[in-house]
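K.L.:
Residues per chain, in single letters:
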Amino acid sequence: MTTLPLPDMSDPLASPHWQALSQGRIAMQRCGACGHVRWPAALSCPECLTEGGEWNTLSGRGTIWGYAVYETPLHPEFAGLCPYAVALVHLEEGPMIHGRMLDPPEELDCGLPVVAVFEQLADGIGIARFRLEQSRGS
Amino acid sequence: MDPAAQHSVAIVGIGAATRQAVPGWRAEDYALAAARAALADAGIDKSQVNGLVTCKTLSGAGGDIVMGRALGLNPAYSATLDYGTCNFSIHLAAMVIAAGLADTVLLTYGTDQGSRGGDFSRYGNHDIHHGMVDAIGSMAALMFRRYQYLHGASEADLGAVAVAQRRWALLNPDALHREPLTITDYLAEPHYIAPVRPSDIAGFHDGGAALIMTSLRRARDQPHVPVRLAGMAQTAQLGNLANPDNYERRWMGDVADRALATAGAKRSDVGLLMIQDPASVWVLQMLEALGFAEPGGAGAMIAAGETALGGKLPLNTSGGHLSERYMWGWFHILEIVRQLRGACGARQVADLHMAMHASTMVAQKGSVSLFEAAL
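Respectively, the protein sequence lines represent chains A and B. The opening position of the first sequence corresponds to residue 1 in my numbering, with each subsequent residue numbered one higher. The opening position of the second sequence corresponds to residue 1001 in my numbering, with each subsequent residue numbered one higher.
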């Protein structure tokens, strides 16, 4: 499916995140003491320094902070997708992550609400894409 | 430490390396060639250097262990920064001198990323699978999209940066890009990663830069007018990667306030501004965050000629990373030194007293330095 290097599923710290993606969920650690949701994965909370934290399934909802549109192929792997947009999504739980938008670039704008949808990158390895929560046409 | 100690440190020698003497030069070879030029410029021998501050490339080349061996130096103090962008390296050297660890410091940077491939051209791990195939271009595009959303800016507002810096580069014989660029030419370029165009992104180049810094007392004996470090401040926004302010560099205003306070200066004292510009949107963001333009007003300010030769705030007068060459902020400082020495020929800023350099590192660290000629 992909010829690019895949995430290291054996990384004990981050593997729950990658495993959740393959099951169609975005999971991040939530601090048991202060409730801060963190990404990237870490052994302790960067806000209150409490160790540990439970892996929680997030809502998959957020808003577009900004986005870049790839009109011409810059890499053979993505040539067939052009034009496509990659957004920096501000998740409602706080973290910001990148994700490819499934909507046509001309329908996007900063601040619009989006929701995650999931694809398989390779056997057992998933990835989150995003689509507008409500397409502008509807 | 004497709170005024930083006021007594000056740059007395500069060196640049832009061409291979023989094929196959590595990052360290450029740094070494630049160091040789800086020593000659300062009129000193390496035996007078007792401090070494080097800046690594993102790929890890150019550390003090390697450079010290290549230079045959056994200094009283040496250190390496992973994120030099020149500003940070200068601040460290000033602290070393002020603390008495060394009194004459050589600073070096060299890179072979032009021939080896750009350090910023690839995204690691998962992000490539989103289709983010160029880190700097992708960041620039989504940052400018955000800027447009916040301020209603046009693509011509962004283009004003590349056009203005090209105009400066036409006055710099050492600039790599010396073909005229008008806003019409700019807007006719196809997008690279929309909404940014090829002229919005710096290329990757080989080269090196070096500085000699010493106490102002010693600097009086050197051949050139010493360029005094008049003020400095930093910020390290490392704790929260999800802080949207990082992507807009808003905290650079606070860094500028603190740097100006250490110099006892105000914004209107700044007669030359050098902003580190791997991508043009960094310039819009910082010109505003630093307090020199209204939010959303930087593009119009530049297009109106206010940052051009004869304007009220000449900006990136070498052509910057976009048009001179990409050297992680180091050539910006060389330009400041040459301007304050009055050695810039056709692009010389008249009646220049104080210059500011502003730089950021991966939108997390920020740094501002102020310089003036110690006549």
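Don't read these hints as lab results, they were simulated from the structure. Mixed in with the good hints there might be a few duds.
As the list claims (entries may be wrong) - Residues from chain A that face chain B, not an exhaustive set, calculated with beta carbons under 8 Å:
| id | residue |
| --- | --- |
| 1 | Cys34 |
| 2 | Gly94 |
| 3 | Arg100 |
| 4 | Leu102 |
Claimed, not checked - Pairs of lysine to any residue residues, derived as SDA-like cross-links and limited to a Cα-Cα distance of at most 25 Å, are as follows:
| id | chain 1 | residue 1 | chain 2 | residue 2 |
| --- | --- | --- | --- | --- |
| 5 | B | Lys1365 | A | Leu132 |
| 6 | B | Lys1365 | A | Gln23 |
| 7 | B | Lys1266 | B | Leu1238 |
| 8 | B | Lys1365 | A | Cys48 |
| 9 | B | Lys1365 | A | Thr72 |
| 10 | B | Lys1365 | A | Pro95 |
Values in this document were obtained by computation on a predicted structure and should not be read as measured data. Just so you know, even glycine gets a beta-carbon here, dropped at the ideal spot from N, CA and C.
K.L.:
What's the verdict on Lys1266 of chain B and Leu1238 of chain B, does the C-alpha distance respect the 25 Å limit or exceed it?
P.N.:
violated, 28 Å
K.L.:
Taking the closest Cβ pair, is Arg100 of chain A under 8 Å from chain B?
P.N.:
Cβ of Arg100 of chain A sits 5 Å from chain B, so the hint holds.
K.L.:
Would you check the hint for Lys1365 of chain B and Cys48 of chain A, treating anything up to 25 Å between C-alpha atoms as holding?
P.N.:
Given pair Lys1365 of chain B, Cys48 of chain A holds - Cα atoms ~22 Å apart, limit 25 Å.
K.L.:
Could you grab the alpha-carbon distance between Lys1365 of chain B and Gln23 of chain A and see if it respects the 25 Å cut-off?
P.N.:
This hinted pair is violated, its Cα atoms lying about 37 Å apart.
K.L.:
Keeping to a limit of 25 Å between CA atoms, is the pair of Lys1365 of chain B and Pro95 of chain A held or broken?
P.N.:
holds, 19 Å
K.L.:
Against the 25 Å threshold, does the CA-CA distance of Lys1365 of chain B and Thr72 of chain A hold or violate the hint?
P.N.:
violated, 32 Å
K.L.:
Does Lys1365 of chain B pair with Leu132 of chain A here, judged by a C-alpha cut-off of 25 Å?
P.N.:
It is violated: about 33 Å lies between the C-alpha atoms, which goes past 25 Å.
K.L.:
The hint names Leu102 of chain A as touching chain B; please verify it with the least Cβ-Cβ distance against 8 Å.
P.N.:
violated, 12 Å
K.L.:
Closer than 8 Å between Cβ atoms is the bar; does Gly94 of chain A clear it against chain B? Give me holds or violated.
P.N.:
holds, 6 Å
K.L.:
Regarding the hint that Cys34 of chain A lies at the interface with chain B, is the smallest CB-CB distance below 8 Å?
P.N.:
With Cβ-Cβ at 13 Å, over 8 Å, it is violated.
Of the numbered hints listed earlier, those contradicted by the structure are 1, 4, 5, 6, 7 and 9.
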